[in-house]
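J.: So you can see what is in the structure, the chains are spelled out below.
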Amino acid sequence: MAEIEALMHGFAVALSLKNVAFMFVGIILGVIIGVLPGLGGANGVAILLPLTFSMAQSPGGTTTAIILLSCIYWGALFGGAITSILFNIPGEPWSVATTFDGYPLAQQGRAGAALTAAFTSSFVGALIAVIVITFLSPIVASFALEFGPPEFFAVYLLTFCAFVGMSKEPPFKTIASMMIGFALAAVGTDPVTGALRLTFGTEKLLNGFDFLVAVIGLFGIGEILLTLEEGLEFKGARAKLSLGVVLETWKELPRYWMTSLRAAAVGCFMGIVPGGATPASFMSYGVARRFSRDGDKFGSGQVEGVVAPETAAHAAGTSALLPMLTLGVPGSPTAAVLLGGLLIWGLQPGPLLFVEQKDFVWGLIASMYLGNIAGLIVVLTCVPAFAAILRIPFSVIAPIIVVICAIGSYTVHNSIFDVWMMVVFGVAGYLLKKLSYPLAPMVLAIVLGDRAEAAFRQAMLVSQGDLRVFFSNALVGTMTGLALVLLVWPLVTWLLSRSRASA
Amino acid sequence: MSRPAFRYKSAETAVAALFFLLGLLVMWDSARLGARWAEDGPQAGYFPFYIGLFICVASAVNFAGGLRLKGEANRTFVETGQLTLVLAVLVPAAIYVALIGWLGIYITSAVFIAFFMRWLGKYAWWKVAVVSIGTSAVFYLVFEIWFLVPLPKGPLEEVLGLG
Amino acid sequence: MKRQHWQTTLALAAVLAAPLAAQAWEPTKTVEFIVPAGTGGGADQMARAIQGIIAKHGLMKQSMVVVNKSGGAGAEGFLDVKNAKGDPHKIIITLSNLFTTPLAQGTPFSWKDLTPVKMMALDEFVLWVNAETPFKTSKDYVQQAKDRANDPSKRFKMGGTGAKQEDEIITVAVQQKTGARFTYIPFKGGGDVAVQLVGKHVDSTVNNPIEAVAHWRGGKLRPLCVFDQKRMPYNNKVTDAQSWADIPTCKEQGLDVDYLMLRGIFMPGGVKPDQAQYYVEVLRKVQQTPEWKQLMEQGAYNTTSLEGKEYADWVAKEEQRHVELMKAAGFLHKK
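Residue numbers (this note's numbering), protein chains in the order written: chain A, 53 to 555; chain B, 249 to 411; chain C, -6 to 328.
Everything labelled a hint here was simulated from the structure, so no lab data went into it.
Backbone N, C-alpha and C define an ideal beta-carbon position, used for all residues, glycine too.
Derived pair list, reagent style DSSO-like, types lysine-lysine, alpha-carbon separation capped at 27 Å:
1) C/K75 to B/K401
2) A/K256 to C/K78
3) C/K150 to C/K170
4) B/K257 to A/K485
5) C/K230 to A/K410
6) C/K265 to C/K54
7) C/K181 to A/K256
Covered by chain A, per the in silico footprint, the following chain B stretches (three or more residues, Cβ under 8 Å):
8) 324 to 335
9) 382 to 392
10) 395 to 405
Label pairs and their computed distance ranges (CB to CB):
11) B/I393 to A/A437: 18 to 28 Å
12) A/F343 to C/D233: 46 to 56 Å
13) B/L335 to A/G347: 31 to 41 Å
14) A/A437 to C/D233: 55 to 65 Å
15) A/I429 to B/A265: 50 to 60 Å
16) A/N525 to C/D144: 15 to 25 Å
17) A/V72 to B/F254: 53 to 63 Å
18) B/L272 to A/E281: 25 to 35 Å
For reference, chain A alone in the conformation it holds in the complex:
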């Protein structure tokens, strides 16, 4: 097969001593970026981009440069899970869903297991995505072209319906929480008319509410306040600190192979479309909860609940590079900066890249395999060290977490107003959690709200206000239909169980 041959050639290009060294440098930098919520993958890649210009001049240097940058990207994907699990603070948007079960696991003293599961699933997700890219790239790339506004709306709707609808919290609280999320997402510039919405004439609100600020406040600060009530201590201090925990967890993981496969499928789909890694992780978590035998226990510390979002996020993050390379459409801000890098190096992303720049493309794909292996080795050996962070006394680590949260919120838009918003969201997170308002639907609404609305209204412009556009072809019809089925499914099962009970 031509692909295998090209890939082997790619390995030969990527496996020089210099490239491998840069691979590890990239991964370590990436993990740091992923851990600190103030540094996004886009930051790291953007900062190093200028440095890579001089690299790109030497022969084969472009490959080295892209290996360094893409390994930062992998590292950041791995690193995002660490603070999610340890402190309920997502280092990156796509690790929000990892907090749902990862943090409870850490509280039960199983931080090591949660971290191992997260890292391993990240690796598996990425691996499957790379295999898809290797062998199916031409087919898959053209698939993304099928996606117009109605299709995008259907994807977002599907994400929503897969995730919501099984909430155990009181229904009206779920609605209130979700709608508040939508309202927050609507603040700022209206995507279709350009009008300012819900800004009430203040400059501070021009930007709207950033998802990351809300999440850092609701989850991170809110959790610290909740922990305080119980006394000045973290519960996860008993976490085991040996590498043995990695092996133990590995014994448990094969049980969830179906979950992994489903998650990887969801992730690849969302990455290629490109819907993004964050929606992918939510969708995958929702799907896993529905299909799992232990679905009811999700949210209370299930390893499976860590496997699902992490696999999907990494699969999506990896496969998002495909539309970037073949269509020039970045699937994430990080990919956007990488794209800028390609252009400046004189590489033109697009359908011809695979023809004209074979060395580069296959070197990059090979580096995806190698970079992820390198990443897995780096993060797994650090599991005990990460878990040990939980042993630091509360009165030392709590203020440091607050500082990290403040930096993270500030850097989103370089505004102190966002740091205030973080405090407000923190209080809200504390109150709402105690009053059993579910926070996840709110967060998902903030992520998807404006995108879904934009897609819906673009679709309405296309169809001149005709709603049938959402069933106008097989692709969009299937997705919309599936979404509606998922939405009413809980209702159906509830009615069935009632009629059975009364019969």
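Starting from the known structure of chain A, arrange chains B and C on it as the hints suggest.
T.: What follows is chains B and C alone, placed relative to chain A:
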């Protein structure tokens, strides 16, 4: 020590009332923008208007639910002792955020961490100094030097020429 | 307002008067380079390219960081620079939203709050259609669009970046000149717009060259005409058959619309002349590097580059033009 500061009834109704007002605000601003379904699809305020409406309806139901809490169901939301602890973090955190704009993030962070360690943890001064100043220094290196992310800085950094 | 304008003029006069050799001022700390748009767009790409070139050739002693402030259609970035009056460690790259955002939203800023430094280039706009459609000239396409004007459900769909910004302004200008009607559909970024056209979800776009060139080369898109008064000067073949210079102007084909987008650098108001001059010098050096020339050719930019008073005059004229264009389109903010 374990006197209830608030009970669930007051917490539920207060939050629901707040959300209701928020919903009204959203509806009001959306109506201003136009909340109808025009010929070519929804106007700018269409979705936010109904979102606001949903918030109001759901909050009204939650408010009524809160009012109905009686006896056992109206248990303690937070005890005075717990509330003191929560405020003991929240108030310094708010002061911390307020000071960032004036003194920059590095100085305030060091002071904030030092305050916590000394006040809640009762650590020896030298430990307090090492951890608080060390943390700020590490953040300075990582953000300003390494990743070139500018964070708020104050007069001290200016004097030291680090700004 | 009047007084600010006067100050700007004075500052500019001083810039011109300052002897070139006397570089009295240099940055003493990291310089923030504000991009009033999201990551990955044309302005962002250019800013990052400038940052990269400066870093590579060591053109500045202090480092430079690119900060995206895209909120409120760029208002966030402009207000930030406006509020940093007198701060010489901040520069901003502009796109047309320098004019369109305050006009459409009523946000309180104007270019007069800023100090013009240097125009780096102008970005071209090209009318693109899917390569599988039969249209060979803008005439064919506009004629069809005219025939369909009366039935909203049959109108051609024009994809573009953002609402009430350059793409929609051009679309409206075409409508006004020809009597054709389009359904304008706003998307988030230029790359998305081009892909939507490749996937035939819209019928045409006015993408910048750099946003669509890959699909042109891949045989998926066809350029009909460029919205400029003269053809683009780049003769190297882009596809097997055509170069940028082979694309006719819209005017040649009877569509009298031209529009160029400013890619220029500004500083906050109230900075000293030697501070502005410093950046002028640095940016001049940037323009002389091979990397910059390569970028210009890749994106088929119009390399007009102005400084000082000429630049300020150009911006003033361009603002007036936008007021007229947006007034005609009905995009002005209602008080």
